[in-house]
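Student: Produce the complete structure using the sequences and hints provided.
There are 4 protein chains.
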Amino acid sequence: MRKSQSSENFSNKIVLNKGKENFIEIEEIVRYSETDQMGVAHNKNYFEWFEIGRTEYCRQKNIPYKNIEAQGYYLVVVEAYCKYKKPLRYDEKFIIRIFLEKITPKKVVFAYELVTKEDKELIASGYTVHIVTNSKAQTRSLPPHIIDGLKAS
Amino acid sequence: MRKSQSSENFSNKIVLNKGKENFIEIEEIVRYSETDQMGVAHNKNYFEWFEIGRTEYCRQKNIPYKNIEAQGYYLVVVEAYCKYKKPLRYDEKFIIRIFLEKITPKKVVFAYELVTKEDKELIASGYTVHIVTNSKAQTRSLPPHIIDGLKAS
Amino acid sequence: MRKSQSSENFSNKIVLNKGKENFIEIEEIVRYSETDQMGVAHNKNYFEWFEIGRTEYCRQKNIPYKNIEAQGYYLVVVEAYCKYKKPLRYDEKFIIRIFLEKITPKKVVFAYELVTKEDKELIASGYTVHIVTNSKAQTRSLPPHIIDGLKAS
Amino acid sequence: MRKSQSSENFSNKIVLNKGKENFIEIEEIVRYSETDQMGVAHNKNYFEWFEIGRTEYCRQKNIPYKNIEAQGYYLVVVEAYCKYKKPLRYDEKFIIRIFLEKITPKKVVFAYELVTKEDKELIASGYTVHIVTNSKAQTRSLPPHIIDGLKAS
Chain A
1 MRKSQSSENF
11 SNKIVLNKGK
21 ENFIEIEEIV
31 RYSETDQMGV
41 AHNKNYFEWF
51 EIGRTEYCRQ
61 KNIPYKNIEA
71 QGYYLVVVEA
81 YCKYKKPLRY
91 DEKFIIRIFL
101 EKITPKKVVF
111 AYELVTKEDK
121 ELIASGYTVH
131 IVTNSKAQTR
141 SLPPHIIDGL
151 KAS
Chain B
1001 MRKSQSSENF
1011 SNKIVLNKGK
1021 ENFIEIEEIV
1031 RYSETDQMGV
1041 AHNKNYFEWF
1051 EIGRTEYCRQ
1061 KNIPYKNIEA
1071 QGYYLVVVEA
1081 YCKYKKPLRY
1091 DEKFIIRIFL
1101 EKITPKKVVF
1111 AYELVTKEDK
1121 ELIASGYTVH
1131 IVTNSKAQTR
1141 SLPPHIIDGL
1151 KAS
Chain C
2001 MRKSQSSENF
2011 SNKIVLNKGK
2021 ENFIEIEEIV
2031 RYSETDQMGV
2041 AHNKNYFEWF
2051 EIGRTEYCRQ
2061 KNIPYKNIEA
2071 QGYYLVVVEA
2081 YCKYKKPLRY
2091 DEKFIIRIFL
2101 EKITPKKVVF
2111 AYELVTKEDK
2121 ELIASGYTVH
2131 IVTNSKAQTR
2141 SLPPHIIDGL
2151 KAS
Chain D
3001 MRKSQSSENF
3011 SNKIVLNKGK
3021 ENFIEIEEIV
3031 RYSETDQMGV
3041 AHNKNYFEWF
3051 EIGRTEYCRQ
3061 KNIPYKNIEA
3071 QGYYLVVVEA
3081 YCKYKKPLRY
3091 DEKFIIRIFL
3101 EKITPKKVVF
3111 AYELVTKEDK
3121 ELIASGYTVH
3131 IVTNSKAQTR
3141 SLPPHIIDGL
3151 KAS
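Protein chains in written order, with the numbering used here: chain A, 1 to 153; chain B, 1001 to 1153; chain C, 2001 to 2153; chain D, 3001 to 3153.
I should point out that these hints are in silico values taken from the structure, not numbers from a laboratory.
Some hints could be false.
As the list claims (entries may be wrong) - The list that follows gives simulated cross-link-like pairs (lysine-lysine, PhoX-like), each with its CA atoms no further than 25 angstroms apart: (1) 2106(C) to 3083(D); (2) 66(A) to 2120(C); (3) 2066(C) to 2136(C); (4) 3106(D) to 3066(D); (5) 1151(B) to 136(A); (6) 2102(C) to 3106(D).
Unchecked claim - Quick partial rundown of chain A residues pointing at chain C, CB under 10 angstroms, derived from the structure: (7) 25; (8) 27; (9) 31; (10) 32; (11) 34; (12) 55; (13) 59; (14) 61; (15) 65; (16) 73; (17) 90; (18) 95; (19) 119.
For each residue, glycine too, the CB sits at the ideal point set by N, CA and C.
Tutor: As structure tokens, then:
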């Protein structure tokens, strides 16, 4: 077996500053198919919930992600991170909070918190980093109307 | 909308030291259902591949994860991270490398690299952090025979 | 290669009689991760939507499926069928209609229709057949209060 | 709530004739993420396994499905059915048998059996019906070289 070619380290020191006013909240519910044999929602589903969250963030800013893609801009995921604090069970309702953490023409960072519906206890938190490409995966820059629209309160 | 209650930041500075000899490799292939409308494997699947990887790591060390759970030890995912470098397409074969990055009685860290089958180009890399619990989600300590078995070359 | 041992044929002649009053409707939306490289929702997701549908059917009859399982009754899927008429695209809203097609102490059949939100055009239809078991997969009979509750208009 | 507009019934009387010599077998294993809280593989995964199966069927006939799509032919799923006989558990290896049940220029039917690795006991069986379209979802006819290739023993 060969030696690992990568000497990369994960000093992914993204320091999020989520204590801002500008975020949106949506409610979701755990599907039966999202549980695993441990009886809780499987870890991969959180990344699907993050994605649902940013879709709704864009929609609520009146720039549906569908339209962003239709204009030829793709927000390709280049990093994804989740920290799991409390398990989620079948049929449990929870809140997803979505924060636009950073937006430049070339890069967008969304942060997320999942909290319980009643007491707003933290279930999980995380972020996704996106670069902007065209449909052929070549990097390009987001136009101001999209940047400004997504930043608007 | 309320202010975020969390002031948490993600200074998840895990510095991986993957240049070690002790890792295993398995081959996987992209399923049609794992692609999305961008024509590439969806980001959540990588976390499923990481999981397949650590299952195989444990098996190759003669401690199938199934048996670890049967003995009452659960390696619960508390953090998961992935960095995406190159897209994967339908029916593409690739290699998953799994590294046991750290193991203590209370905590296990696996690191992963996905590389192309031919040129061993990096497709993605990441890690998962696990705590050890019993079937009731209470923390407990891994016994030496499991720790030693998983560390064995 | 060996000859197929099964001479089974699929004369699954379930003739559904869905023209009844007693059904419920819920709205769903296609997630990005549910699309595939053909640009439409992947065929397996329909079975997940059917499941979400029957969960909501039970809830609206005041017998959440979670409670049915908590009482020791499992509605195990023994058959699943879907007929696909019209594709669904990312971010498209649609309606799931759920019909309790048949219920006896030992067997439950749900039927489903997916229709477009605006014109109620048929997108897909199907059914699932369930047997009743305990938590050890042994068959048992549903009690009258669950049968009557699920049948109630 | 409105009356169901569909008077459709599911007399899907496909009588399969799987006792033929011409089928292929592949081995698969249940992923942790494919289990649900009942502790067994979730019903939707079987349709993913069927798909992996037909991908491998095409490959073994030297007509990778990827190439079929590259030539502008899409085998769109219009029906899918599965009958579940025995549960599958995490890390269990099993065999998928794939049968080309029927092929005409406009329509292809695959049948499937999942059997245990050791005793070849039936786990599940099912079929998928496909129509042939171009990339714009318009029906078209498969050329003879694809039909003959897929039929070849």
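Student: Find the hints from earlier in the document that the structure breaks and name them by number, from lowest to highest.
Tutor: Numbers 5, 6, 7, 8, 14, 16, 18 and 19, in rising order.
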